[in-house]
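As given, the protein sequences belong to chains G and L, one line each in that order.
Per the numbering used here, the very first residue in the first sequence carries number 113; after that it's consecutive.
Per the numbering used here, the very first residue in the second sequence carries number 572; after that it's consecutive.
Simulated from the structure, these hints should not be mistaken for lab results.
Every value quoted in this text rests on a predicted model; they were computed, and no experiment measured them.
Note that beta-carbon positions come from the ideal geometry of N, C-alpha and C, so glycine has one too.
Mixed in with the good hints, there may be bad ones.
Quick list of simulated restraints, FRET-style, between CB atoms [claimed, not checked]:
no. : chain 1 : residue 1 : chain 2 : residue 2 : range
1   : G       : 136       : L       : 852       : 49 to 59 Å
2   : G       : 427       : L       : 869       : 14 to 24 Å
3   : G       : 237       : L       : 858       : 48 to 58 Å
Here are some of the chain L residues that sit facing chain G, going by a computed Cβ distance under 7 Å [unchecked claim]:
no. : residue
4   : 617
5   : 761
6   : 763
7   : 767
8   : 772
9   : 794
10  : 845
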Amino acid sequence: MQPERLRLLRNVASIPLADVPVLAGAEFRDTIADHVARDWRVMALYGRSATAGVRLYAVLGSGERSQLAIVASEVAGDRFEALTPRVPQVHWFEREIAETFGLVPEGHPWPEPIRSLGGQTSFFKVAGEDVHEVAVGPVHAGIIEPGHFRFQCLGERVLHLEIRLGYQHRGIESTLVGGPDRRSLALLETVAGDTTVGHGLAYARIVETLGGAEVTARADVIRALALELERVANHVGDLGALAGDVGFLPTASYCGRLRGDVLNATASVCGSRFGRGWIRPGGCGFDLDSRRVRDLVRSLETLSRDIQGAVGLLFSAPSVRARFVDTGRLGPEQARELGLVGPAARATGLSRDVRHDFPDGIFRMAQLPVSTWHSGSVFARAYVRWLEVQRSLAFIRELLAWLPRGSALAESSAPPLGPDRLAVALVEGWRGEICHVAETDSRGSFQTYKIVDPSFHNWPGLGIAMRDQAISDFPLCNKSFNLSYCGHDL
Amino acid sequence: MPIALLHFALALVLSPMLLSLTHRTKAFFAGRQGAPWLQPYFELGRLLRKGAVFSTTTSWVFQVAPALGLAAAMAALTLLPFAGHRAIIAFPGDLLLFSGLLALWRFAAILAALDTGSSLEGMGASREAALSALGEPALILALGAIARQTGQLSLSGMLPALTVQTWNQAWPVLALLLVTLALVYLAENGRVPFDDPTTHLELTMIHEVMILDSSGPDLAFIEYAAALKLWILGALMAAILAPVSPLPEAPALLLALAGMAGVAIATGVTESVMARSRLNRLPKVLGTASILVAVALLLIQR
């Protein structure tokens, strides 16, 4: 351990920009590789234009120590040595950097762009007799987001799956530069519409820590309530969609309705089913009065019972188990190497949960158990969701029972951000770890805003999980990860 | 003969109703109201009024296949006795022509799918071919077992010869045959657990992925032929399930129609309570069908 090579910080904290150690390329790579070897993870690796070329930043984290660390390095010229061969979890980060800045990642195993669609790209090919290629998307049969999947198959067996995204690239990160302004929150809430609360909360924490604003205990509790409602709604929807993919109608039909009911519970507080505007920098956009609390408690009681019934059917049907068990397996070693997060990582037995590892807000006081399962299959990913639904519902009941007094509403004007600082905020969204990193310039405006949606970590995991699987199991496997296209494409 | 023609016309008119019955059953289990009863007819009418779009990679094969498939299904229907009454055409050994015509229907569908040159449709064609290679022996053996049991060599002879007495004398044989035919029925018609007719996921489809490129009247022909097939294979099961032979004409017809409805409802119930099986397990399930029918043959021979 050489602490002087890194600047340590907590989750939701800011440091002066000048404190970030800038290392030489080789030392930068060694530092990251050494830490990853000691069970640290790479939360974010991104670049920003500097006077002499590109400056790379790496945000590392150790759940065991509840510690984050940051380190930087300058790239001069038009190439940098890739770290991916030593640290596979930075695979997509380095492709993103290469694509954004037109750099050549030397030694990278597959330096194709992950988002740009205009340029020439080549696809991975498997040669040989009987090997055939199946291309699906970007336009799909269902009403889902666009993404392109290329399978190299031997009969029904998948040898390799290549995932190409970027069709939803909107340039959110570059639009945020110069902020925060009145659009910033709305932009962040649409990073991934189904994770409105997760990204909104991460943004609010960034602004609060950079501006030195305090949040009341009541606002903390209501934020956790919003976050957990979002988790329950999406997990219930996912369980229903998994049932639908294997043609199991009872759960598919009821979970669709139940997801809507949970979303409506969110809407009953803030007027938006996806929780837009509920969380604002400095507090919440909407408070709960005692009547609303009573209504919520009552409707959640009915909901819990109905969800129990619908999901119970799913896990007790032998025909469903036959489909879920052993499909799309990922081992904990693979998950660790790929840097998976969220339910996909917990389904392999890894204990990774921002609420537990890097607690912030009310999670510093209330401990939620980390829901894990060991098999890493579709079943495990479904079962972890189910465990989380139950624990989140129980937690929501607790929160509603001891809602602190006071006001939760945000002040209309947030304090100005500190100049020349860097802040990191992690939030456990329903898909997993959301990481936001912001840097301010000398006037206190954002000069960089990096967003890492959990999907960015997990898409490569889906590709690996499909190896040696039947191609007909892809939709099921895909749904068990249920990753965001727009959250990845930004 | 006029009654046989009436039964033929009845099959042509009522077969899309079976789909409606299955859909309604599923809707009932899902707590939905379901589509209107005549929805399958509306769909056929809509498709018939549309123009067809042909991909430039396809040849005449793709355009001929839907008509060939429909013709094969209708020809098979002329061999099918209904409500204890003989069919329009009947001769000793027609059960082989019957299964041959069903094979022709499938052959046309597979050729058309391959003709599109799409990797997805090719995948569907290969799945269909694999499943039918296993389903067809089970069907022929089952028909052979009925022929052996009743001592008749024509469909029109052997199906009406099944009576309540046959159940009394040889219920294990009939029960085994019923299970075999049920498996063949579900596999051939692309129902759960073999295939999911409502899925939108191309990679999991068997039957549906083979018709992705078809449109307009061609698609109407394919859908209609599929409805006829539902009727044809359903009638085989209904003949065993609800033997009508001693009854007079009118009650016999009603009982036979009730048998058909029962098969359609049972399909809907199956789809409402179980998930679709994993694709690579399906050969084992269909293999089981062949084994069951072999046991039935052994029991008859004993």
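Hints and how they fare:
no. : hint                      : verdict
1   : G:136 / L:852: 49 to 59 Å : holds, 57 Å
2   : G:427 / L:869: 14 to 24 Å : violated, 40 Å
3   : G:237 / L:858: 48 to 58 Å : violated, 36 Å
4   : 617                       : violated, 19 Å
5   : 761                       : violated, 11 Å
6   : 763                       : holds, 5 Å
7   : 767                       : holds, 4 Å
8   : 772                       : holds, 4 Å
9   : 794                       : violated, 17 Å
10  : 845                       : holds, 4 Å
When the structure is compared with the earlier hints, violations turn up for hints 2, 3, 4, 5, 9 and for no others.
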